Amino acid sequence: MNSKDLILGRVRAALRDAPGPVEVPRDYRRSFPAADLEVLVDRLVDYKAEVHRIGEDAIAATVGGLVGGAVVVPEGLPLSWRPQGALVDDNLTPDRIAGAAAVLTGAAVAVAETGTIVLDASPDQGRRIISLLPDVHFVVLRAAQVVASVPEAVARLDPTRPLTWISGPSATSDIELNRVEGVHGPRHLHVLLLDS
Amino acid sequence: MTTFLGMPATAPRGVGNLRGDETFPAAAHHALADDQLRRNLRHATTTIRGKSGRVIAELPDWQELRSAGSALKAFVMANLDSLLEQLEARVTAAGGVVHWAADANEANAIVLDLIRRTGSERVIKVKSMATQEIGLNEALEAGGIQPIETDLAELIVQLGNDKPSHILVPAIHRNRAEIREIFLKSMPGVDPDLTDDPPVLAAAARKYLRETFLSTTVAVSGANFGIAETGTLAVVESEGNGRMCLTLPDTLITVMGIEKVVPSWPDLEVFLQLLPRASTGERMNPYTTMWTGVTPGDGPQNFHLVLLDNGRSAVLADPAGRAALHCIRCSACLNVCPVYERTGGHAYGSVYPGPIGAVLSPQLTGVADNASLPYASSLCGACFDACPVKIDIPSMLVHLRNKVSHPAAERAAMRAAAYTMDHPKLYARAQRAAKLARIAGRRGRGLPPPFSGWTASRDLPEVPQQTFRDWWASR
Numbered sequence: 001m002n003s004k005d006l007i008l009g010r011v012r013a014a015l016r017d018a019p020g021p022v023e024v025p026r027d028y029r030r031s032f033p034a035a036d037l038e039v040l041v042d043r044l045v046d047y048k049a050e051v052h053r054i055g056e057d058a059i060a061a062t063v064g065g066l067v068g069g070a071v072v073v074p075e076g077l078p079l080s081w082r083p084q085g086a087l088v089d090d091n092l093t094p095d096r097i098a099g100a101a102a103v104l105t106g107a108a109v110a111v112a113e114t115g116t117i118v119l120d121a122s123p124d125q126g127r128r129i130i131s132l133l134p135d136v137h138f139v140v141l142r143a144a145q146v147v148a149s150v151p152e153a154v155a156r157l158d159p160t161r162p163l164t165w166i167s168g169p170s171a172t173s174d175i176e177l178n179r180v181e182g183v184h185g186p187r188h189l190h191v192l193l194l195d196s
Numbered sequence: 001m002t003t004f005l006g007m008p009a010t011a012p013r014g015v016g017n018l019r020g021d022e023t024f025p026a027a028a029h030h031a032l033a034d035d036q037l038r039r040n041l042r043h044a045t046t047t048i049r050g051k052s053g054r055v056i057a058e059l060p061d062w063q064e065l066r067s068a069g070s071a072l073k074a075f076v077m078a079n080l081d082s083l084l085e086q087l088e089a090r091v092t093a094a095g096g097v098v099h100w101a102a103d104a105n106e107a108n109a110i111v112l113d114l115i116r117r118t119g120s121e122r123v124i125k126v127k128s129m130a131t132q133e134i135g136l137n138e139a140l141e142a143g144g145i146q147p148i149e150t151d152l153a154e155l156i157v158q159l160g161n162d163k164p165s166h167i168l169v170p171a172i173h174r175n176r177a178e179i180r181e182i183f184l185k186s187m188p189g190v191d192p193d194l195t196d197d198p199p200v201l202a203a204a205a206r207k208y209l210r211e212t213f214l215s216t217t218v219a220v221s222g223a224n225f226g227i228a229e230t231g232t233l234a235v236v237e238s239e240g241n242g243r244m245c246l247t248l249p250d251t252l253i254t255v256m257g258i259e260k261v262v263p264s265w266p267d268l269e270v271f272l273q274l275l276p277r278a279s280t281g282e283r284m285n286p287y288t289t290m291w292t293g294v295t296p297g298d299g300p301q302n303f304h305l306v307l308l309d310n311g312r313s314a315v316l317a318d319p320a321g322r323a324a325l326h327c328i329r330c331s332a333c334l335n336v337c338p339v340y341e342r343t344g345g346h347a348y349g350s351v352y353p354g355p356i357g358a359v360l361s362p363q364l365t366g367v368a369d370n371a372s373l374p375y376a377s378s379l380c381g382a383c384f385d386a387c388p389v390k391i392d393i394p395s396m397l398v399h400l401r402n403k404v405s406h407p408a409a410e411r412a413a414m415r416a417a418a419y420t421m422d423h424p425k426l427y428a429r430a431q432r433a434a435k436l437a438r439i440a441g442r443r444g445r446g447l448p449p450p451f452s453g454w455t456a457s458r459d460l461p462e463v464p465q466q467t468f469r470d471w472w473a474s475r
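Going down the list, the sequences are from chains A and B.
For the first sequence, UniProt numbering begins at 1 and goes up steadily by one.
For the second sequence, UniProt numbering begins at 1 and goes up steadily by one.
Among the clues, some could well be false.
Here are the simulated lysine-lysine pairs, DSSO-like style, with alpha carbons at most 30 Å apart [stated by the list, open to error]:
#1 A/48 - B/403
#2 B/163 - B/185
#3 B/163 - B/207
#4 A/48 - B/51
#5 B/390 - B/51
#6 B/403 - B/390
Please keep in mind that the hints were generated in silico from the structure rather than gathered at the bench.
The model shown is predicted, which means the values in this text are computed figures rather than measured ones.
Okay, chain A solo, but in the shape it has when bound (with noise of 0.2 Å):
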C-alpha cells in the first residue's frame, strides 16, 4: 500500500462517524460602501509606509526626486512612469537587482481597513523577484483599485497567479513581540496614490 492510499484510508476509518453535513454560516460582513481613500492612507502611515496623493505625470520626477541610484522597472510599466535612468527588468540577475537603490511598480488591488497593496505579477508589476530585493518599493495605486475590506480584494484577484500582499514596509514582532521596521524586504514602502 502506497502512503497516499495509506493516509486517505486513515482518514476514511477516522471518519467513520460520519460527521457534516456542515452548514458555514456566512453572516459576516461582505457588503461594503465605496473604499474610503483616507481609512487607507491612515492604515498605510501607521504601518510606516509613505504616501503621496499626486496626479499620475508626477510619477516619474517623484521617485526620481527621492533616490539617486538605479530603480528597476518591470517590462510592462507604462512609459511616462519611469524615472531617468530606470532599469528595464528584462531578466536581470538577481545581484542587479539587489544592487538597484529601488523599484517603482504598478498594482492589482488594495484593501482600505487593512492598508494592504497586492501585486499580481501583471505586466505593470513583474516578477516577484523585483519587489522583494530593492531596499526601497514605489508602488503606483489607482483610486479605481483601492476595495475597502478583505472580501472584496480576494474577489477581484486571480489565485493563479503569483500573488504578494504587502502591508506596510518589512517589519518584525519576534523581539519582545513589539513590532520593528525593516528586516529582509523592502524597508521602506512609498504608495503613489493617483486620486484622479
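Got chain A; can you put chain B on it based on the hints?
Quick look at chain B alone, frame taken from chain A:
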C-alpha cells in the same frame, strides 16, 4: 486476525519534537524558578494582548467571522479525504509534485532525498511548525544537509542552541539584551559594537542572511493554507524572509499538515481577517505569499508539496477531540493563558505549547506519551474566548483527562466515593467520619500514603466541626 493498515495512527516515537523529557509539573517547576523568563513572558504576552484586543475591536463582525472560520474548519475535517485528493490534482495540474508522508520519518526521508537530488548542501527555511514537529532540521543535519532558519526568532533559537517556546515567536523567552548576547557570540561577522536596540538587532539579521538568500538554491517552507479548489498555497509572514525563500531558490519544498487544506479560494476572506488580528495583533501581517504550482519565469521552477499525517488521522478519529485540528497556529491561546504566562513554552515538552498544545500534543502522540499535558491548565476558559476559530479547549482538556490512566489508589478512592454518594446512609456516616481526617491530615500536612500524591499539589480542605446534616437535624 488481519490488521487493517488504514487504521488512524499516532505519531511515532524516537523522532520529532512532540514529547518532552519530563512531565509538565516537573518541567514547570524549573521554569517557575527562572525570574528573568517570567518577566520576559509577562512583558511579551501583555503587549500582544493589548495590541490584539485593539485591532479585533475595529471589526464589527469579529464573532461572525469566528463562527464562519469554525464551521469552515469543521467542513474541512468532515471532507478531508476528498479535499486532499482535489488539492493533489490541482497542484499537479499546475506543475507541482505532491508527496504523501504517513509520519515524521517518511516526511524527513522525502525532503532529504529531494534536497540531495538538487546537489545543494544547504537549505534556507521559512519558519514552519510542521517541520519543527517532525524534527526535520535534525534529520537533515544527520544526512549532511545544513538547514538555515531565516525567521528572526528561529534564528535566535538556532544560534542560541535553544528550543522554541512559542508558536508565533519561538524566542519569546529571550529579551533584547539576551538576543544581543546570542548574536555577539554566535553570528558570524557580526559588528562587535552591536547594541540591543531592536531595529539594530533586526538589521544585523538582515545583513547576515542577505548573501545566504541569494546563493542558496533550495528552500523548505510550511504552509498556512492549501486551497483544494485551485491548488494555491499561502504563507503568512512578517519579515520578508518568507518571500525570499518562496521566490529566490530554484526548488521549493513545502511540508503541510493534512489539516491545513481549505475548500475554496473565497474561504481565505475569512482566515485572512482572523489570523493576523488574533496572532500578531496587526490588521494585516506585512507579507503574504500565494502561489499555485510553478509559474514559468517567476519564482521556483521546481515545486514539491509534502502532505503530512504524523498522528493527525488519530486526532481526527476522536469526535470529541478532532476540533484540535482546526487550529490556525495564531497562538492567541498562549498569550491569554495564565499557566503559559508563568511556565513558558519549554515546560510543555512539545513544539505545540500552551492550551492548544495541551490538547493537540497528547492526541498526536496518544495520551499515554503526554499524560500530564491535559492537566496543564486551570480550565479558566480564556483560551476558548481568544480562539479565532472557537476551539473549545477547556471541554477537550476535560475529555482528555478522562482518557489518561489514573493511579490505582486514586481510582479505588473515586470508585469508593461514587458508591458512597449513591447510598445516603453510608454518605452521612462518611461525612461524620471525615471529621477524623482533621486529625489524620491537618491543613498543610496532606494525606498519608498512598494518597499523599493527591495532596502534594492540592490543599486539603478544612473539615467543618459539624456536618450540614447534623446541623440541620439539631435545629
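Here is what the structure says about each hint:
| no. | hint | verdict |
| --- | --- | --- |
| 1 | A/48 - B/403 | violated (51 Å) |
| 2 | B/163 - B/185 | holds (17 Å) |
| 3 | B/163 - B/207 | holds (24 Å) |
| 4 | A/48 - B/51 | holds (16 Å) |
| 5 | B/390 - B/51 | holds (20 Å) |
| 6 | B/403 - B/390 | holds (23 Å) |
Of the numbered hints stated above, the single one contradicted by the structure is hint 1.
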